[in-house]
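*Asks:* So the chains spell out like this:
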Amino acid sequence: MLANFGYGAIVLAFFVSLYGVFAAIYGVRKNRAAWVESARTAMLLIFPLLTLSALSIVVLLVTGHYEVQYVYNVTSSAMPVYLKITALWGGQAGSLIFWSWTMSAFATAVTLRNWDRDREFLPWVIVVSLITLAFFLGLSIFVENPFERIWITPEGRQVVSMLPPAGSILATVRDGRGLNPLLRHPGMIIHPPMLYLGFVSFVIPYAFAIAALVTGRSDDRWIRLTRRWSLVAWLFLSLGLLLGSRWAYDVLGWGGYWAWDPVEIAAFMPWLTGTAFMHSVMIQEKRGLFKRWNMVLIILTYSLVMVGTFLTRSGVLSSVHAFAQSAIGPLFFVFIGLTLAGSLGLLLWRWNDLRSEGEMHSLLSREALFLLNNLLFMGILIVCFWGVFFPLISELFTGQKVTVGPPFYERATAPLFGGLLLLMGIAPLSAWGHSTVKTLGKAVWKPALGAVAALVAAYIFGVRLPAALIGFFAVALVIFVTLYEYIRGVSARRRRSGESYPVALMRLAARNRRRYGGYIIHLGVVLMALGIIGIELFQTETQGTLARGQSLELDGYTVRYDSLAIFDVQDGRNVARAEVTVFKDGRNLGTLAPRRDYYYDSGQPMTIPGVRSTMSEDLYVLLVDWQPVSEQGATFKVYHNPLINWLWVGGFVFIFGMLVAAWPDREPAPSVQRAKVRAGTQASRA
Amino acid sequence: MKLNRMIRPTSTRFFLAGLLFLLALTAVTFQPASAQAPTPSDDEVNAIAKHLYCPVCENTPLDVCPTVACAQWRQQIRDLLMEGRTEQEIRDYFVARYGDRVLAEPPRYGFNWLVYVLPPVLFLAGAFVVYRVLRGSYRPVQQVEAPPPPPDDDPYLKRLEEELRRREQEGQ
Amino acid sequence: MDQTVEAAAQQTSRRLPTWAMVLAFTLLVAFLGLVYFGLRNSMAGPLSIGQPAPKFTLQTFDGQVVDVRDLEGKIILVNFWASWCKPCEDEAAALEEAWRRYQADGDVVFLGVDYVDTESEARAYLEKFNITYPNGPDLKSSISDLYNISGVPETYIIGPDGTLKYAKKGPFLSINEIIMVVDGLRQGNTGAGS
Chain D
0 MLANFGYGAI VLAFFVSLYG VFAAIYGVRK NRAAWVESAR TAMLLIFPLL
50 TLSALSIVVL LVTGHYEVQY VYNVTSSAMP VYLKITALWG GQAGSLIFWS
100 WTMSAFATAV TLRNWDRDRE FLPWVIVVSL ITLAFFLGLS IFVENPFERI
150 WITPEGRQVV SMLPPAGSIL ATVRDGRGLN PLLRHPGMII HPPMLYLGFV
200 SFVIPYAFAI AALVTGRSDD RWIRLTRRWS LVAWLFLSLG LLLGSRWAYD
250 VLGWGGYWAW DPVEIAAFMP WLTGTAFMHS VMIQEKRGLF KRWNMVLIIL
300 TYSLVMVGTF LTRSGVLSSV HAFAQSAIGP LFFVFIGLTL AGSLGLLLWR
350 WNDLRSEGEM HSLLSREALF LLNNLLFMGI LIVCFWGVFF PLISELFTGQ
400 KVTVGPPFYE RATAPLFGGL LLLMGIAPLS AWGHSTVKTL GKAVWKPALG
450 AVAALVAAYI FGVRLPAALI GFFAVALVIF VTLYEYIRGV SARRRRSGES
500 YPVALMRLAA RNRRRYGGYI IHLGVVLMAL GIIGIELFQT ETQGTLARGQ
550 SLELDGYTVR YDSLAIFDVQ DGRNVARAEV TVFKDGRNLG TLAPRRDYYY
600 DSGQPMTIPG VRSTMSEDLY VLLVDWQPVS EQGATFKVYH NPLINWLWVG
650 GFVFIFGMLV AAWPDREPAP SVQRAKVRAG TQASRA
Chain Z
0 MKLNRMIRPT STRFFLAGLL FLLALTAVTF QPASAQAPTP SDDEVNAIAK
50 HLYCPVCENT PLDVCPTVAC AQWRQQIRDL LMEGRTEQEI RDYFVARYGD
100 RVLAEPPRYG FNWLVYVLPP VLFLAGAFVV YRVLRGSYRP VQQVEAPPPP
150 PDDDPYLKRL EEELRRREQE GQ
Chain G
0 MDQTVEAAAQ QTSRRLPTWA MVLAFTLLVA FLGLVYFGLR NSMAGPLSIG
50 QPAPKFTLQT FDGQVVDVRD LEGKIILVNF WASWCKPCED EAAALEEAWR
100 RYQADGDVVF LGVDYVDTES EARAYLEKFN ITYPNGPDLK SSISDLYNIS
150 GVPETYIIGP DGTLKYAKKG PFLSINEIIM VVDGLRQGNT GAGS
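Residue numbers (numbering that gives the first Met the number 0), protein chains in the order written: chain D, 0 to 685; chain Z, 0 to 171; chain G, 0 to 193.
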């Protein structure tokens with residue numbers, strides 16, 4: 000019953016989207032505002048419909064209707080309720096609905112804004128959003144329907160379908176198979192929705208860009224309108240990637256946070272173009288340059304989102320992350336082909352209208368440095384793209400299967416990331432329009448001095464690796480430049496208006512939140528860089544099989560094996576839990592409990608590390624193996640991960656900066672209220 | 000995360016060199032007695048396994064892969080180490096049996112060169128474009144000495160621009 | 000990349016040259032072609048019953064070379080297995096028992112193809128289950144790729160005419176299951192795949 004209802008809601012939403020596309024185009028062609036208005040109403044209708052549909056799935060999941068195939072696949076009665084709810088995005092069919100639902104939420108939010116100034120964009124934004132939405136709904140309806148049920152035919156065969164085959168009855172299924180254990184981690188519960196939100200919200204700036212191309216508006220209005228959308232999209236995408244790394248660190252049990260897995264890279268590529276876009280739109284806003292390039296970037300971002308989703312879900316790339324094989328591939332392929340060709344055609348058609356209005360005046364101006372920044376981001380993108388697709392190319396042309404693994408990506412991207420770090424240090428000090436070596440040098444020498452001091456300090460403390468020294472220098476430079484910029488701004492304000500330091504700081508940030516939020520984001524990035532340098536360049540590891548009471552040594556740490564217990568847990572797990580005691584220089588630092596969970600229903604093992612985490616380093620202990628009978632001997636792997644915690648700290652700073660930059664405010668400024676909101680944000684930072 | 004490999008393998012190679020030397024000595028003085036070589040430690044095995052990928056669990060390096068198949072591969076590495084094979088020989092052994100895909104990177108020959116050559120070439124092409132853009136629009140400045148602000152008809156942009164200039168001046 | 004060349008470089012009102020447009024679309028088509036190839040690969044299902052079975056040679060652990068082409072006219076059972084595969088152990092005894100039943104007649108051949116395995120473990124496995132029919136490693140997984148296997152164990156039976164008659168994913172549950180299919184083929188019936 001409920002399944003039929005939920006299915007009906009998607010079907011209805013699908014037709015409403017098709018109608019909206021038609022009405023918007025018809026309204027524009029016949030120049031009838033009423034039709035466009037009708038399309039807008041259609042867009043508003045989809046969100047409630049999909050909400051009902053998603054709620055139906057959630058109810059089915061929570062109440063354990065295992066005769067519904069999707070419910071059977073992703074839940075079991077042993078699972079707690081919150082996992083049953085989040086199983087909505089635990090499998091292909093449900094996550095597609097979840098994706099459409101968030102997409103419709105964003106589309107609704109866009110529709111509700113005030114369109115008076117930008118009437119001509121409205122129909123095309125509707126068309127692009129609704130075509131995308133209709134496509135995903137089509138996938139749900141025709142290929143991956145979460146409401147399909149298991150029926151028993153009169154001959155006793157099991158059939159999975161939406162409508163019952165003649166004479167058949169609904170199967171009675173007592174229990175489901177349960178969610179993939181890898182996905183039962185808090186990080187994994189929020190990681191996918193964040194990524195989806197990031198993916199989905201990039202559709203909005205893309206829709207505006209296409210609207211600008213179709214209508215031939217060559218100014219930067221589309222960029223101004225979608226500035227906040229892009230920031231929000233970027234925020235969610237970054238958050239999704241960060242949570243994914245944290246999840247990998249906590250759950251996957253290989254001592255790292257990023258494996259250069261094809262699916263990880265598929266999510267990383269839109270982030271790269273998105274980040275380049277965030278920077279280069281500023282050039283267009285301030286200087287009227289690079290209109291074409293910004294179009295290219297946003298089209299690339301949208302395409303990479305679609306291609307990434309396609310690769311992950313169709314099984315084209317093999318990966319630990321990949322969904323089970325699915326039949327959505329061909330439809331998805333056609334959709335990607337059409338959108339790519341359509342976008343490219345539109346762009347080329349409008350090519351001449353998108354001329355730059357300004358000129359570059361200086362090789363050291365902010366816009367020139369931003370251009371360099373874009374070049375580096377594109378460099379990383381090319382490496383990633385090529386690395387992901389090369390195995391396919393190799394198989395196509397030579398029949399050889401090859402692996403393109405971390406060494407390739409690390410070698411190729413490390414210098415590019417280093418260049419980005421250095422740019423991050425210099426660019427904020429250069430001026431728009433005109434900058435010379437002299438002005439830039441005058442601005443940069445003080446922070447640079449600080450960075451050199453940090454470099455010397457690092458050397459004295461025994462850091463000898465050139466890569467690490469360069470990295471630390473760049474990190475220090477960015478930190479000093481950022482602080483310097485804040486101090487410069489605050490003292491200027493103080494001199495002029497006599498405000499106290501905290502007030503000056505708040506007002507300064509409030510005056511140009513994008514800029515000062517951006518600096519906080521930079522700060523977050525370099526703190527993350529610190530963590531990455533630490534684990535990439537200084538990680539050490541050792542492994543050994545120990546009898547009880549024996550210990551492993553690593554970088555001054557001693558890990559002693561105390562005991563091992565193997566037991567069953569209520570939720571269908573068999574747990575092997577070891578206890579080890581950690582010593583450093585003879586001092587007892589406490590016990591850790593690395594364990595191996597084995598899930599009976601899926602037959603999947605999970606290695607959960609025992610981690611002793613401090614700001615300077617993590618000690619990460621894995622239980623690799625043990626002798627099941629005697630429980631006497633066990634094999635442990637110990638990683639020493641210096642500075643890794645700064646990656647997560649940097650992540651928090653990064654997100655805070657993003658919130659500062661993206662926090663919504665009204666364009667005509669009611670000053671009192673704004674100050675209050677900012678005060679709140681600033682206070683939470685302290 | 001895996002750059003310490005750069006350190007570790009060298010120490011392994013060093014160890015192996017020593018081991019080989021010992022083996023060579025024993026071979027000369029006594030009968031070949033490789034069975035008496037010390038059992039290689041887990042770390043030595045892992046240092047090699049890190050660079051290998053088992054086709055059963057794609058994209059997971061062999062040293063951290065939890066499957067039985069991978070455990071057998073690690074045992075194989077240990078056996079080969081005990082026979083006194085070098086890291087390169089062990090890699091070749093796996094490539095011969097399981098194909099190029101066991102390596103972390105495509106081996107550098109023939110068609111595979113593309114994977115290494117194309118990104119730098121494209122990057123250089125991009126750098127050239129950036130250079131041309133910078134040069135191309137740098138010239139006009141010399142013709143028009145003082146850079147005029149770009150013409151804006153959008154009042155909002157104008158206001159922003161002005162705010163920005165003010166702040167820039169404030170700062171200095 | 001090339002669009003950007005033009006985007007950035009041409010501040011003048013010159014039109015985008017045709018070659019750039021052609022190049023842009025060519026790259027797009029090439030990319031789509033590549034993705035299509037990947038998609039076709041990933042969607043390629045199991046081999047279908049009735050099609051000519053892929054031919055291969057197998058170098059056995061004893062050093063013999065078995066060429067499927069030389070075995071035309073016989074019924075060939077090809078079993079993919081690995082020593083690390085638990086379900087494979089369930090059917091190992093049944094397969095060997097079935098082999099001994101047909102061995103003397105000479106019109107049925109069993110071949111074991113060892114998928115991604117280490118030699119010592121594989122030999123130990125063969126010894127443990129006392130397997131006597133020819134077994135060999137699948138070097139570079141080439142045979143597994145030909146048959147597009149999705150895991151181990153998987154079994155294919157090739158008829159005397161060289162076409163695929165039967166395919167099974169997962170282990171045989173009993174010797175009877177094997178005998179039913181093979182006997183059916185010997186009597187000229189074509190068994191149905193499951």
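Just so you know, the hints here were simulated from the structure itself, not pulled from any lab data.
Take the hints with a grain of salt, since some may be wrong.
[To be verified] With a Cα cut of at most 25 Å, we get these calculated SDA-like pairs of lysine to any residue:
#1 G:Lys168 with G:Arg122
#2 G:Lys85 with Z:Arg77
#3 D:Lys441 with D:Gly398
#4 G:Lys167 with D:Leu658
#5 G:Lys127 with D:Leu353
#6 D:Lys285 with Z:Pro106
#7 D:Lys285 with D:Gln626
#8 G:Lys54 with D:Gln157
#9 G:Lys168 with D:Leu11
#10 G:Lys139 with D:Gly398
#11 D:Lys400 with Z:Pro106
#12 G:Lys54 with G:Ile75
#13 G:Lys167 with G:Tyr35
#14 G:Lys85 with Z:Pro65
#15 D:Lys400 with G:Ile130
#16 D:Lys285 with D:Leu658
#17 G:Lys167 with G:Ile130
#18 G:Lys73 with G:Ser141
#19 G:Lys127 with Z:Tyr115
#20 G:Lys139 with G:Glu96
#21 D:Lys437 with D:Arg487
#22 G:Lys139 with Z:Leu133
#23 G:Lys139 with G:Gln63
#24 G:Lys73 with G:Glu96
#25 G:Lys139 with Z:Val129
#26 G:Lys168 with D:Ala326
#27 G:Lys73 with G:Asp144
#28 D:Lys285 with D:Leu181
#29 D:Lys400 with Z:Pro65
All values derive from a computational prediction rather than experimental measurement.
*Asks:* Compare the structure with each hint and give your call.
*Replies:* Verification of the hints:
Of the supplied pair hints, the one linking lysine 168 of chain G and arginine 122 of chain G holds, its CA atoms being roughly 23 Å apart against a limit of 25 Å. For the hint pairing lysine 85 of chain G with arginine 77 of chain Z, the CA-to-CA distance comes to about 23 Å; that is within 25 Å, so the pair holds. For the hint pairing lysine 441 of chain D with glycine 398 of chain D, the CA-to-CA distance comes to about 58 Å; that exceeds 25 Å, so the pair is violated. Of the pairs offered as hints, the one joining lysine 167 of chain G and leucine 658 of chain D is violated, with about 56 Å between alpha carbons and a cut-off of 25 Å exceeded.
Taking the CA atoms of lysine 127 of chain G and leucine 353 of chain D, the gap is near 74 Å; set against the 25 Å cutoff, the hint is violated. Between lysine 285 of chain D and proline 106 of chain Z, the direct Cα distance comes to roughly 47 Å. Violation of the 25 Å bound is thereby established for this hinted pair. A C-alpha spacing of about 67 Å is found between lysine 285 of chain D and glutamine 626 of chain D, which places the hinted pair above 25 Å, so the restraint is violated. The suggested pairing of lysine 54 of chain G with glutamine 157 of chain D is violated, with an alpha-carbon distance near 36 Å, which exceeds 25 Å.
Restraint check for lysine 168 of chain G and leucine 11 of chain D: not satisfied, since their Cα atoms lie roughly 40 Å apart, outside the 25 Å limit. For the hint linking lysine 139 of chain G to glycine 398 of chain D, the alpha-carbon distance of about 12 Å falls within 25 Å, and the restraint holds. At most 25 Å may separate the alpha-carbon atoms for a hinted pair to count; lysine 400 of chain D and proline 106 of chain Z meet this at roughly 11 Å. Proposed proximity of lysine 54 of chain G and isoleucine 75 of chain G is supported: the alpha carbons are some 11 Å apart, at most 25 Å.
Only pairs whose Cα atoms come within 25 Å are accepted, and lysine 167 of chain G paired with tyrosine 35 of chain G is rejected, the gap being roughly 28 Å. The suggested pairing of lysine 85 of chain G with proline 65 of chain Z holds, with an alpha-carbon distance near 15 Å, which does not exceed 25 Å. The straight-line distance between the Cα atoms of lysine 400 of chain D and isoleucine 130 of chain G is roughly 32 Å, outside the 25 Å bound, and the hint therefore fails. At roughly 22 Å between alpha-carbon atoms, lysine 285 of chain D and leucine 658 of chain D fall within 25 Å of each other, so this suggested pair holds.
Taken as a hint, the lysine 167 of chain G and isoleucine 130 of chain G pair is honoured in the structure, with Cα atoms around 20 Å apart against an allowance of 25 Å. Only pairs whose Cα atoms come within 25 Å are accepted, and lysine 73 of chain G paired with serine 141 of chain G is accepted, the gap being roughly 23 Å. Under the criterion of a C-alpha separation no larger than 25 Å, the hint pairing lysine 127 of chain G with tyrosine 115 of chain Z is inconsistent with the structure, at around 46 Å. Annotation: proposed proximity of lysine 139 of chain G to glutamate 96 of chain G is violated, straight-line Cα distance about 29 Å (limit 25 Å).
In summary, the hint linking lysine 437 of chain D to arginine 487 of chain D is supported, as the alpha carbons are separated by about 18 Å, within the 25 Å threshold. For the given pair, lysine 139 of chain G sits about 51 Å from leucine 133 of chain Z by alpha-carbon distance, which is inconsistent with the 25 Å threshold. Proposed proximity of lysine 139 of chain G and glutamine 63 of chain G is supported: the alpha carbons are some 18 Å apart, at most 25 Å. At roughly 19 Å between alpha-carbon atoms, lysine 73 of chain G and glutamate 96 of chain G fall within 25 Å of each other, so this suggested pair holds.
The straight-line distance between the Cα atoms of lysine 139 of chain G and valine 129 of chain Z is roughly 45 Å, outside the 25 Å bound, and the hint therefore fails. Under the criterion of a C-alpha separation no larger than 25 Å, the hint pairing lysine 168 of chain G with alanine 326 of chain D is consistent with the structure, at around 20 Å. Restraint check for lysine 73 of chain G and aspartate 144 of chain G: satisfied, since their Cα atoms lie roughly 23 Å apart, inside the 25 Å limit. Proximity of lysine 285 of chain D to leucine 181 of chain D is assessed by CA-CA distance (about 47 Å); at most 25 Å being required, the pair is judged violated.
With a CA separation close to 23 Å, the supplied pair lysine 400 of chain D and proline 65 of chain Z stays within the 25 Å bound.
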